[in-house]
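Student: Sequences listed follow chains A and B, in order.
Okay, so the first sequence: first residue is 1 according to our numbering, each after it adds one.
Okay, so the second sequence: first residue is 100 according to our numbering, each after it adds one.
Certain hints may be false.
[Stated by the list, open to error] Okay, derived cross-link-like pairs now, BS3-like style, lysine-lysine, Cα gap no bigger than 27 angstroms in a straight line: (1) B:Lys280 / B:Lys141; (2) A:Lys44 / B:Lys228; (3) B:Lys273 / B:Lys162; (4) B:Lys165 / A:Lys89; (5) B:Lys273 / A:Lys72; (6) B:Lys451 / A:Lys72; (7) B:Lys194 / A:Lys81; (8) B:Lys165 / B:Lys386; (9) B:Lys161 / A:Lys53; (10) B:Lys451 / A:Lys46; (11) A:Lys53 / B:Lys162; (12) B:Lys140 / B:Lys228; (13) A:Lys81 / B:Lys280; (14) A:Lys72 / B:Lys270; (15) A:Lys44 / B:Lys273; (16) A:Lys53 / B:Lys141; (17) B:Lys517 / B:Lys280; (18) A:Lys44 / B:Lys140; (19) B:Lys286 / A:Lys44; (20) B:Lys451 / B:Lys435; (21) B:Lys194 / A:Lys44; (22) B:Lys273 / B:Lys228; (23) B:Lys517 / A:Lys46; (24) B:Lys286 / A:Lys72.
What the hints contain is simulated information worked out from the structure, not anything from laboratory work.
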Amino acid sequence: METLVATVLIVIIFMISSMLLNNIFSNSIKGKSHFVTERLHQLKYKFRNENLKLPHYENVNEWEFSIHPEMKEGINVLIFKAENSFTQKSITRIIVDER
Amino acid sequence: MKWSKKIKAGALQFVLFIGAIIAVLLMTFLLITYTHGLLDKKTDLTVGIIQETDFGLNYVFKKNVKAGSSIVLNSLNNPGVSTLVEKDFWGIFEKYSSHSKNNAIKYSKIAMVGSCFSLGKPALVLRDKQRPLIIAGTTKITGDALLPAQGVKIGTIAGNSYGYGQLVYGKEGKSGLEIPKLDPEVKQQIDNLINKFQNSGVEVTLRPNMEITNSFGSPTKFIRDKTIHLEGVHLTGNIIVSAVQRIVVEPTAILTDIVLVAPEIIIMDGTQGSFQAIANKKIFIGKNCELYYPSAFVVRENKSTNSDIKFVEPKLFVDSNSIINGVLMYLDEYEKPTYGPQIKIVENAIIKGEIYCTENLELKGSVFGSVITDAFIAMENGSIYQNHLYNGVINSTLLPIEYNGIVFENVQYKKAMKWLY
């Protein structure tokens with residue numbers, strides 16, 4: 001009897017722990033949008049140094065990247081935007097047009 | 100065995116033990132991911148704040164802000180981050196400081212700023228005084244030139260005619276009745292420096308072999324005296340040296356980014372460093388000096404000092420084999436024509452940057468950059484040749500595109516020339 005209860009208990013403990021671990025790691029991986037911010041950085045660099053033509057659009061996996069100029073408070077700014085086409089999550093970066 | 104008999108560990112006890120171990124392991128994993136996430140966010144925020152300072156600077160370069168004023172920007176990219184940008188002057192160049200912060204993290208950037216010309220500067224701008232520019236000897240102008248309507252003509256000085264096939268190696272355009280104007284704030288700043296020595300500030304007395312460094316984030320330190328002899332001293336940063344009579348800079352002095360203000364400034368042979376000098380009578384730069392970018396030498400005369408001397412000696416003189424990276428400037432409000440050079444650059448002297456002169460320029464050395472002048476003059480064999488350029492070389496193609504210099508009126512593009520500390 002004792003061993004039976006012990007077996008059940010240990011199985012439950014392992015189940016819970018594995019679920020927890022799985023949850024933690026999958027969350028921390030899902031929450032990362034490093035690749036997107038990195039790509040935005042790259043685009044900024046390319047814009048400054050490689051004469052990227054505007055407006056610029058590109059698709060990487062489910063993310064849509066766009067650069068378009070805009071006027072804000074009398075100053076030309078560029079809006080770098082990355083938008084996830086499934087989750088509608090978007091990341092924007094705004095810089096001043098130095099040209 | 101002894102042990103197995105002593106511990107009557109039932110399976111349940113064992114399970115509890117294992118459970119405890121697993122709980123501890125899980126906690127550690129949780130803690131690791133949590134701290135990881137926290138640090139991640141913090142670095143992201145720090146990077147964001149650093150970019151915010153850049154954004155603030157670029158924003159202010161585009162907006163015309165008055166010196167001494169500041170603006171506050173709320174970040175569009177990072178909520179909760181605000182940026183304070185202040186504009187001021189350091190010598191004749193603009194100084195911007197941008198401070199971004201949120202609750203915990205702060206970051207500041209201070210930059211010395213000049214105007215940039217992404218399309219390149221013209222080699223020469225000569226005011227239209229209804230007379231042509233006459234070139235002789237080994238003169239060579241490379242780059243675009245804005246000239247009087249009469250254009251360029253070949254002349255002869257002391258039997259030396261013009262030696263090259265083409266008059267201007269670049270495009271020729273027409274100049275106006277006035278040379279490009281300085282930004283009024285720059286003029287104001289020069290006047291302020293010359294006239295108002297008595298600003299409040301920390302005053303330091305100079306001792307031999309002294310070493311002073313002052314950050315641009317802290318208040319300016321002043322060194323004041325009647326005459327100042329800079330010898331063996333080591334001055335860096337936010338320091339203004341002002342004398343009522345004269346400043347002499349010896350080659351043993353190491354000066355970086357400081358500003359000198361005096362009626363007369365003498366830079367002895369062989370001096371090295373990067374600093375700005377502002378005088379209202381004269382500046383003399385000796386032989387073999389090497390002055391690094393961004394240096395500036397400004398002589399600003401007002402009507403009273405420039406009385407009725409017919410033949411004037413050069414107000415801004417650069418001796419042979421000296422290399423100056425930066426700006427030479429002569430400003431006055433004198434209306435009568437004078438018959439001597441106000442800026443004189445002798446043979447083998449090299450100016451990499453800009454020359455701005457509201458009177459006569461005698462150029463025998465080389466300028467890798469841009470010359471803006473009211474008139475040229477050449478003094479040979481006791482004769483005065485007006486609007487003659489003799490043995491002078493002007494080449495704007497050798498000036499790097501990254502060069503930023505004098506801020507003119509209505510300038511659109513500004514860039515950091517040096518990050519300050």
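Student: Against each hint, give a clear statement of whether it holds in the structure.
Tutor: Here's how the hints hold up against the structure:
| no. | hint | verdict |
| --- | --- | --- |
| 1 | B:Lys280 / B:Lys141 | 47 angstroms, violated |
| 2 | A:Lys44 / B:Lys228 | 48 angstroms, violated |
| 3 | B:Lys273 / B:Lys162 | 30 angstroms, violated |
| 4 | B:Lys165 / A:Lys89 | 40 angstroms, violated |
| 5 | B:Lys273 / A:Lys72 | 37 angstroms, violated |
| 6 | B:Lys451 / A:Lys72 | 38 angstroms, violated |
| 7 | B:Lys194 / A:Lys81 | 32 angstroms, violated |
| 8 | B:Lys165 / B:Lys386 | 39 angstroms, violated |
| 9 | B:Lys161 / A:Lys53 | 22 angstroms, holds |
| 10 | B:Lys451 / A:Lys46 | 30 angstroms, violated |
| 11 | A:Lys53 / B:Lys162 | 25 angstroms, holds |
| 12 | B:Lys140 / B:Lys228 | 64 angstroms, violated |
| 13 | A:Lys81 / B:Lys280 | 41 angstroms, violated |
| 14 | A:Lys72 / B:Lys270 | 37 angstroms, violated |
| 15 | A:Lys44 / B:Lys273 | 39 angstroms, violated |
| 16 | A:Lys53 / B:Lys141 | 33 angstroms, violated |
| 17 | B:Lys517 / B:Lys280 | 24 angstroms, holds |
| 18 | A:Lys44 / B:Lys140 | 21 angstroms, holds |
| 19 | B:Lys286 / A:Lys44 | 37 angstroms, violated |
| 20 | B:Lys451 / B:Lys435 | 31 angstroms, violated |
| 21 | B:Lys194 / A:Lys44 | 26 angstroms, holds |
| 22 | B:Lys273 / B:Lys228 | 12 angstroms, holds |
| 23 | B:Lys517 / A:Lys46 | 23 angstroms, holds |
| 24 | B:Lys286 / A:Lys72 | 31 angstroms, violated |
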